[in-house]
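Given chain A, work out where chain B should sit, using these hints.
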Amino acid sequence: MRPGFVLEVDERTPPLLVHRGDSFGLERFPLGSRVVYPPESLPGLPDVRSAIAQALEHPLDSEPLRVLLRAGMRLTIAFDDISLPLPPMRTPDIRQQVIEQVLELAAAADVDDVELVVANALHRRMTGPEIRRIVGDRVYRSFWPHALTNHDAEDRANLIHLGLTDEGEDVEINRRAGTSDLLVYVNVNLVSMDGGWKSTAIGLASYASLRHHHNTRTMRHSRSFMDHKASALHSSAWRMGRLLQEHVPVFQIETTLNNQAFPTSYAFLTKREWEWSPRDQAMFWAVKNGLDRAPGRLRRKALSDLVADYAVTSVQAGAVEPVHELTVANVHRQQLVEVSGQSDVLVFGLPYLCPYNVNSSVMNPVLAMCLGLGYFFNMYRGSPLVRKGGALILYHPVPNAFDQLHHPSYVDFFEEVLAESTDPAIIEERFEKQYATDPWYTHLYRTSHAYHGVHPFYMWYWGAHALEHLGDVVWVGGDRRAVKRMGFRSASTLADALSMVAGSVGSSPSITYQHNPPHSIADVR
Amino acid sequence: MSSLTRLARDFRWGHVPSVPATAPRREVAPVREVSTAWARTPLARGVRAVAQAGVLAPLVRAEVRLQVTGAARLTALGDEAAVLVLNHTSHLDTAALLTALPSPVRARTVVAAAADYFFTSWWKAAGTALVFGTVPIERRGGAPTDTPVRLLAQGWNVVVYPEGSRSHDGWSTRFRPGAAALALACGAPIVPVAVRGSYTAMPRGRSWPTPGRPRVSVVFGDPLRAAPGEDALSFTGRARAEVARLLDEDETDWWSSLRRSSGGQQPALQGPPAGSWRRTWASTRPVESPPGAGPQVWT
Chain A
1 MRPGFVLEVD ERTPPLLVHR GDSFGLERFP LGSRVVYPPE SLPGLPDVRS
51 AIAQALEHPL DSEPLRVLLR AGMRLTIAFD DISLPLPPMR TPDIRQQVIE
101 QVLELAAAAD VDDVELVVAN ALHRRMTGPE IRRIVGDRVY RSFWPHALTN
151 HDAEDRANLI HLGLTDEGED VEINRRAGTS DLLVYVNVNL VSMDGGWKST
201 AIGLASYASL RHHHNTRTMR HSRSFMDHKA SALHSSAWRM GRLLQEHVPV
251 FQIETTLNNQ AFPTSYAFLT KREWEWSPRD QAMFWAVKNG LDRAPGRLRR
301 KALSDLVADY AVTSVQAGAV EPVHELTVAN VHRQQLVEVS GQSDVLVFGL
351 PYLCPYNVNS SVMNPVLAMC LGLGYFFNMY RGSPLVRKGG ALILYHPVPN
401 AFDQLHHPSY VDFFEEVLAE STDPAIIEER FEKQYATDPW YTHLYRTSHA
451 YHGVHPFYMW YWGAHALEHL GDVVWVGGDR RAVKRMGFRS ASTLADALSM
501 VAGSVGSSPS ITYQHNPPHS IADVR
Chain B
1 MSSLTRLARD FRWGHVPSVP ATAPRREVAP VREVSTAWAR TPLARGVRAV
51 AQAGVLAPLV RAEVRLQVTG AARLTALGDE AAVLVLNHTS HLDTAALLTA
101 LPSPVRARTV VAAAADYFFT SWWKAAGTAL VFGTVPIERR GGAPTDTPVR
151 LLAQGWNVVV YPEGSRSHDG WSTRFRPGAA ALALACGAPI VPVAVRGSYT
201 AMPRGRSWPT PGRPRVSVVF GDPLRAAPGE DALSFTGRAR AEVARLLDED
251 ETDWWSSLRR SSGGQQPALQ GPPAGSWRRT WASTRPVESP PGAGPQVWT
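Residue numbers (the numbering used here), protein chains in the order written: chain A, 1 to 525; chain B, 1 to 299.
If we strip away everything but chain A, and leave its shape as in the complex, we get (with noise of 0.2 angstroms):
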C-alpha cells in the first residue's frame, strides 16, 4: 500500500480526473498546482467475523459483551443510517456482520427483550428494503418492523429528557435507547467525523438536542469538524454522551473501512490517471460518454447502483471513547496525507452522491453546497488547505431541481429563505424556528420518507466555517439561477473560474487540487 502524497503538476502530468456530479471529466490543472491524493487501499482484515468475535470478547475498558447480556435485560442495538457508508458497500453489510454477532451472544445469554433502532436522527425514515440490505435477512424477518424501527425525533411518547449538560445542553433522546439496561451501538467510520458520542448522542436525539451544536456558531468553531478533537460540534457531543452514559451504559462497536470506494470494474476513479491500464482508458470512455448520453433519470439508475467494494479494516469494542481514539487512528492510516502550508485556490471536483441523497433522484443546490463547502472543505486537520480569504472552487452542475419525497422542506428553504439571506446566522435567527416546528414538514418526516424540515438549515450551517474562511466561492458548470440564489458564481471552465478569482487571489494564485474521493484528510502542517 501506498502511502498518500502531493502531486505537483508537470509537463508529464497527464489530465486529471474530476467528478461532476452525475459525470466526471479530464482536467488539465495549470503546471505547478498542488493534487493531494489519498494514500491507495489498505489490505482488508482476512477474517472479519474472526476480527468482531474478537473485537466482542476483548473490549476496551469494558466487560466483554458475553458477561454484559443477561436474561431479563432490555437491549437495545442502534446503527447508522443508509448514509453512511458511500456509496452502500457491498452485501453483507458491515453492520450485518456485527449484529449478528451481537444477537448470537444475546440469544446464547437469554435475552428476549431485544430492540433495533437506526440512528437516523433528523434524517429520512429508511424504507424495509433499505433496512433489510443493511442488517441483513435473518435479523430483518426476526425484528421487522416491531422490534427494528427507525428512530422518530418527533415522537414526543419515545422521546426521554435525560437532562442538561455542564453548558445548558438539552440531552433528549429516544427513549428506548435512554431506557435499557445496555445500549449497544454499531458504526461505520467512513470519515473520521463519524463515531464516538456523535453515533449516540446525535443519531438517536431529538431537534431540541441536536440545536445545541447544529447551529452557525458551533459550526465555525469545528475547525474542523473532521477533527474531533478540535471540533465544538464534537465537544458538545461529548458532554452529551458523557451524561447518556450515566443513564444507560453504552457498548460501542466502530468499524473502519478501506478506500476501495468503486467497484473493481470501475478501478480508474481510484487509481491515479498516470497508472490508468488501456483498460481504465477505455472504460472511462465508456462510461463518461454513456453517462453524458443517458437521460438523467437513467444516469442516476446506473449511478445509485454501483456498490462500493470496500473492505473492512478494523473492529474495536468496548467504551465510547478509547474504541474512537482507536478508531480514529485506523481512520486516519487510510486517509491522513500532509501537506505543506496552505494555497490561495483549492479545488473539488463533488461526485453524485452525499449522505442525504442515497437513494433520491436529484443532488439538489444546497446538497451540494453542503457536499462542497461543509463535507469536502473540512477535510483537513490543522488548518484549512486554503488560506484565508483565499477562494474554493467547485464542479457541479448544481441542478436545480428537488426531490419531492425527500427533501420537500428543502425546495422552500431555497426559494424562500435563500432569496431573503445567504448568511447562516440571519438564516438560524429568522426561519429555523419556523421550519423546525413546521406541521407539515413534522407530518412528512414522521409518515413518509421526508427528512425533516429543519434539515437543509442545517446542511446550509455545514458550510458555515467554509463561508466565513473563503473569500470567493465559483462553481464550474453550475446552474447560473440556483448557484446565483446562493450567494455564489458560475463559471464555464477552470480558466474562466480563475479569471473570476483573480480579483480575491491575483493572476497567479498557488492552486491544490484535493482528489476526492476516495476521500482523504489534509494533515496541513
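Note that these hints are calculated values from the structure, not bench results. Everything numeric in this text was worked out from a predicted model, so none of it was measured. Keep in mind that the hints are not guaranteed to be accurate.
[Stated by the list, open to error] In silico DMTMM-like links for lysine to aspartate or glutamate, alpha-carbon gap of 20 angstroms or less:
1. Lys288/A with Asp10/B
2. Lys388/A with Asp423/A
3. Lys484/A with Glu468/A
4. Lys433/A with Glu416/A
5. Lys229/A with Glu167/A
6. Lys271/A with Asp10/B
Showing chain B alone in chain A's frame:
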C-alpha cells in the same frame, strides 16, 4: 476533436505513459531480462555498422553541426574495453556519441539503456538493440543485471549514463555509482565524455533536432583508472569532475579549463543556483564555437 482522439493524446497512446516527476513509483515486479544476444551476432553487427555509418551518422551530421574533440584518446586504448560515462540531456546524446566514435571502437560498443523505457515493447527493444546496440539495465530498483559486466569482460565498450535519465533543465544531476562499480568489477578504465549543446538542439519533449543545424560537441577525456583501494563513490566523483572539466574545455579551451578546475572556478555541472527559468535559460543558450575553432578569418 473527438473525445477518443483527445483521450489518445492525453494518455499518449503508442508511447510509454509519462509519469509526473513528483509521483511515487509503483513497485516493479521482477521481470525477466529481455535478451539482446541476437543483436551482437555477426549478422546483426553488420547490419548495425551499415545503419550507423550509412544512415545514423549522415543524419546526425545533416541535422546538427557535430564537433568532436579527443577521439584519439579512445583509440589509444587499443583493444582494451572501457566504460564510457557521459552527461545526459537529450536522446540526441547517444546518436551524437556513436557518430563521434571512431568506427573500430563503435563496432564493439553497446549502450546501457533503461529497461523500463526502451524495453517495454518488442518493437522498441528490437529496434534500439539493432541500431544502437542497446542492452537493458534496471534503474528503478529491479533485479540487477550482470549483462554489462559480462559484455565488458568480453571486450565490449559499455556506454553508461550515470544520471539514470535525461536532465529536465539541461544541467546535470547527481551521478550514480553504478558505472564506476561496473568499471571496478572488471578492472576497466572509465572514459569521461562531455556532450554539450544537445539540450539546446533536442531537449525533452522533442523527437527531432531544432532547425538551423545547432552546434553539438562531443569531447572525450583521458581514460581514468581506479586508484588502489578506491571505491565506487570516489571513482564516480572523479569521473563527474572530469566530465565537468570537459564541458568547460569545450566552452573555453583545454588550458583554461585546467586552470579553472584547479582554481575552483569551474562552472558547476549542476548549473547555477538560480530559479528554474534562469537555469533553463542558461542551458538553452546556443553553443558557440570555442576560441580558435572553426574557419579562421584574416583581417
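Run through the hints listed earlier and report the numbers of any the structure violates, in increasing order. Failing hints: none at all.
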